[in-house]
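**Student:** Going down the list, the sequences are from chains H and E. Mapping of the first sequence onto our numbering: residues 1 to 362, in sequence order. Mapping of the second sequence onto our numbering: residues 363 to 437, in sequence order.
No lab work stands behind these hints: they were computed from the structure. Please note that a few of the clues may not be correct.
As the list claims (entries may be wrong) - List of simulated lysine to any residue pairs, SDA-like, C-alpha gap at most 20 Å:
(1) E:K418 to H:K79
(2) H:K79 to H:Q314
(3) E:K418 to H:S251
(4) E:K405 to H:T278
(5) H:K354 to H:R305
(6) E:K413 to H:F253
(7) E:K376 to H:F152
(8) E:K392 to E:I420
(9) E:K414 to H:N240
(10) H:K97 to H:G78
(11) E:K413 to H:N230
(12) E:K376 to H:S227
(13) H:K331 to H:Y233
(14) E:K413 to H:E292
(15) H:K164 to E:K414
(16) E:K413 to H:E346
(17) E:K366 to H:K79
(18) E:K413 to H:E216
(19) H:K168 to E:H417
(20) H:K165 to E:K413
(21) H:K331 to H:E292
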Amino acid sequence: MKDNERYSRQVSLKELGETGQKKLASAKILIVGAGGLGCPALLFLAAAGVGCIGIADDDLVSLSNLQRQVLFSSKDVGKSKVFVATEKIKELNPYVKVISHPERLTTENALDVIKDYDIVIDGTDNFPSKYLINDACVLLGKTLICGSVSKFEGQVAVFNVADKKNVKCNYRDLFPQPPEEKILNCAEEGVLGVTTGIIGTMQANEAIKLLTGIGEPLINQLLIFNSLNNHSYILEITENNESYQLPSNESEFRQTDYDWVCALATGIEEIDATQLRTIIEENETLFIDVREVEEMPEVNFKHQRIPLSDFRNQIENISADKIVCFCQTGKRSLDAARILFEKFGETKKVYSLKNGVLSLHD
Amino acid sequence: MNIKVFGQLTDIFKQENIAVENAVDVEELKNHLINSYPALREKAFAIAVNKKIIHKNISLPENAEIALLPPFSGG
Numbered sequence: 001m002k003d004n005e006r007y008s009r010q011v012s013l014k015e016l017g018e019t020g021q022k023k024l025a026s027a028k029i030l031i032v033g034a035g036g037l038g039c040p041a042l043l044f045l046a047a048a049g050v051g052c053i054g055i056a057d058d059d060l061v062s063l064s065n066l067q068r069q070v071l072f073s074s075k076d077v078g079k080s081k082v083f084v085a086t087e088k089i090k091e092l093n094p095y096v097k098v099i100s101h102p103e104r105l106t107t108e109n110a111l112d113v114i115k116d117y118d119i120v121i122d123g124t125d126n127f128p129s130k131y132l133i134n135d136a137c138v139l140l141g142k143t144l145i146c147g148s149v150s151k152f153e154g155q156v157a158v159f160n161v162a163d164k165k166n167v168k169c170n171y172r173d174l175f176p177q178p179p180e181e182k183i184l185n186c187a188e189e190g191v192l193g194v195t196t197g198i199i200g201t202m203q204a205n206e207a208i209k210l211l212t213g214i215g216e217p218l219i220n221q222l223l224i225f226n227s228l229n230n231h232s233y234i235l236e237i238t239e240n241n242e243s244y245q246l247p248s249n250e251s252e253f254r255q256t257d258y259d260w261v262c263a264l265a266t267g268i269e270e271i272d273a274t275q276l277r278t279i280i281e282e283n284e285t286l287f288i289d290v291r292e293v294e295e296m297p298e299v300n301f302k303h304q305r306i307p308l309s310d311f312r313n314q315i316e317n318i319s320a321d322k323i324v325c326f327c328q329t330g331k332r333s334l335d336a337a338r339i340l341f342e343k344f345g346e347t348k349k350v351y352s353l354k355n356g357v358l359s360l361h362d
Numbered sequence: 363m364n365i366k367v368f369g370q371l372t373d374i375f376k377q378e379n380i381a382v383e384n385a386v387d388v389e390e391l392k393n394h395l396i397n398s399y400p401a402l403r404e405k406a407f408a409i410a411v412n413k414k415i416i417h418k419n420i421s422l423p424e425n426a427e428i429a430l431l432p433p434f435s436g437g
């Protein structure tokens, strides 16, 4: 160990010791979402000397993040979260190898990104990502440490690790399908920085326990913590093979449409060509073509073109309350709609054209 | 029988703990709760009996502790 003094306080814990420290140094952890949960988890795992940490997030730092996303400073607003986080972690502990994944995990890239890590920490704030990450981890047999919050409460669980009876549960054994009704996220219902701080720190704690083999990780258990009264409630999760079907191989996973299964849950409405024509006649809606500038065919109704690649930078000044996003096939427009929804929440009504411009020319 | 509610479900029940009459099984309890709190019908939640998540209708031991648990998505 190059830097003995750095870890001296934890190495002197007899439960951890030099052996535990070596296990941390050889571990590879992926943190998905450098937000309220991901920031504290990243800080503590890097400080503790986890050898390799990946950070996946496609978002930019915004002013409303700073109250809970403790890696970022005021001067970072507008910069890539992954880029800033990587720099901060290197300053904190230069012995940690940091791998940047400045992208949203999708069915296209998730398996390739996750396969090189031992443990995945889910710090995302939406159900499409949570189900996608869960299913990818089951397919690849990776340990998943889930965390999420709702106002003053948080949930933590460890999945895909065999318990004493050799049973491995996953997130779908708890919640088999994405909810059909809308579940509010932090942007809409509000959250205190300390609550995400506690839950993200608990996720880091579970990772350290799993890696070093100490204590009792929350394997097949769900911890619910209430920060208002400090009550903790631990539930046992059991297998539930009858209520869900996971993608059974890589190609099935790639074909699963997580945005669609979760579209309702995130408050974005998908509309078809007929509904689009009705909305066009209403004449009060902003239509946004999120395809790249040169993409054809053009549409014959009034619209703006804001390519998805530069979408986040150009949506600040949108004043319309009703917005329809469209693209070639309906996938990118759903991403764009989600970005709008994350930014504006319930204050704007956001639609995505299902099957895209191609469905207009049938 | 004591029921603990978590997350956004507390908006429906207005409190974190409620006491209800003993029910024979989970199905009966669910029906009883939906009658008293119709908004619950639209909600997704897992049910735990004596701190164990259950996936099908089981008979309820007397004075079982029930927990109703919605998924959280914030981060």
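**Student:** Hints first: check each against the structure and report whether it holds.
**Tutor:** Hints, one by one, checked against the model:
Restraint check for K418 (chain E) and K79 (chain H): the C-alpha separation of about 48 Å exceeds 20 Å, so the hint is violated. Annotation: proposed proximity of K79 (chain H) to Q314 (chain H) holds, straight-line Cα distance about 14 Å (limit 20 Å). Between the alpha carbons of K418 (chain E) and S251 (chain H) the distance comes to roughly 31 Å, so the proposed pair goes past 20 Å and is violated. Taken as a hint, the K405 (chain E) and T278 (chain H) pair is broken in the structure, with Cα atoms around 31 Å apart against an allowance of 20 Å.
Distance restraint check for K354 (chain H) and R305 (chain H): the Cα-Cα separation of roughly 18 Å lies within the 20 Å cut-off, and the hinted pair is therefore satisfied. With a C-alpha separation of about 33 Å, the suggested pair K413 (chain E) and F253 (chain H) falls outside the 20 Å cut-off, and the hint is violated. Proposed proximity of K376 (chain E) and F152 (chain H) is supported: the alpha carbons are some 15 Å apart, at most 20 Å. Distance check on the hinted pair: K392 (chain E) and I420 (chain E) sit about 12 Å apart at the alpha-carbon level, within 20 Å; holds.
Note on K414 (chain E) and N240 (chain H): the hinted pairing holds, with a Cα-Cα distance of about 12 Å set against a maximum of 20 Å. For the proposed pair K97 (chain H) and G78 (chain H), the alpha carbon gap of about 25 Å is over 20 Å, so the pair is violated. Of the pairs offered as hints, the one joining K413 (chain E) and N230 (chain H) holds, with about 18 Å between alpha carbons and a cut-off of 20 Å not exceeded. Between K376 (chain E) and S227 (chain H) the CA atoms are separated by roughly 18 Å; this keeps the pair inside 20 Å, and the hint holds.
Taking the CA atoms of K331 (chain H) and Y233 (chain H), the gap is near 39 Å; set against the 20 Å cutoff, the hint is violated. With a C-alpha separation of about 52 Å, the suggested pair K413 (chain E) and E292 (chain H) falls outside the 20 Å cut-off, and the hint is violated. Between the alpha carbons of K164 (chain H) and K414 (chain E) the distance comes to roughly 16 Å, so the proposed pair stays at or under 20 Å and holds. Annotation: proposed proximity of K413 (chain E) to E346 (chain H) is violated, straight-line Cα distance about 35 Å (limit 20 Å).
Distance check on the hinted pair: K366 (chain E) and K79 (chain H) sit about 42 Å apart at the alpha-carbon level, beyond 20 Å; violated. Our distance criterion of 20 Å between C-alpha atoms is met by K413 (chain E) and E216 (chain H), whose separation comes to about 17 Å. Distance restraint check for K168 (chain H) and H417 (chain E): the Cα-Cα separation of roughly 16 Å lies within the 20 Å cut-off, and the hinted pair is therefore satisfied. Under the criterion of a C-alpha separation no larger than 20 Å, the hint pairing K165 (chain H) with K413 (chain E) is consistent with the structure, at around 18 Å.
With a C-alpha separation of about 14 Å, the suggested pair K331 (chain H) and E292 (chain H) falls inside the 20 Å cut-off, and the hint holds.
Going down the numbered hints, you'll see the structure goes against 1, 3, 4, 6, 10, 13, 14, 16, 17, while the others check out.
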